[in-house]
Amino acid sequence: VYQFRHLRKIAENTGLEPDGFLRQIESPSIKSQLKKNTEELIERGGFGTPTMFVNGNDMYFGNDRIPLIRELIE
Numbered sequence: 001v002y003q004f005r006h007l008r009k010i011a012e013n014t015g016l017e018p019d020g021f022l023r024q025i026e027s028p029s030i031k032s033q034l035k036k037n038t039e040e041l042i043e044r045g046g047f048g049t050p051t052m053f054v055n056g057n058d059m060y061f062g063n064d065r066i067p068l069i070r071e072l073i074e
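Each step along the sequence shown adds one to the number in the UniProt record's numbering, with nothing skipped, and position 8 is 8.
Hints were generated in silico from the structure; no laboratory data involved. There could be a bad hint or two in this list.
What the hints assert, rightly or not - Result set (SDA-like, lysine to any residue): computed pairs, CA atoms no more than 20 angstroms apart in a straight line:
no.: 1; residue 1: 36; residue 2: 25
no.: 2; residue 1: 36; residue 2: 49
no.: 3; residue 1: 36; residue 2: 56
no.: 4; residue 1: 36; residue 2: 19
Turn these sequences into a full structure, and let the hints guide you.
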């Protein structure tokens, strides 16, 4: 998802202030952090989003893994 109209709607639906949200995702510091996160994910063998790590190195990929992750961390 990277069309601003879709991102604006997502922000509105989740209770975020849309203009501030859109400004933040365009900021150099946010873009830099995203690049670092992406590089780390690739180094750790990940390949897409969402990818989540539990207990340091246990990697889980996909929204369908969220219930499993929830169980692991509770």
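Hinted pair, alpha-carbon criterion (20 angstroms max): residue 36, residue 49. Please report holds or violated.
holds, 14 angstroms
Can you confirm whether the C-alpha distance between residue 36 and residue 56 stays at or below 20 angstroms?
Holds, at roughly 17 angstroms.
Does residue 25 sit within 20 angstroms of residue 36, going by the straight-line distance between their CA atoms?
holds, 15 angstroms
Taking 20 angstroms as the top limit, are the C-alpha atoms of residue 36 and residue 19 close enough?
violated, 25 angstroms
The structure fails hint 4 only (numbered hints given earlier).
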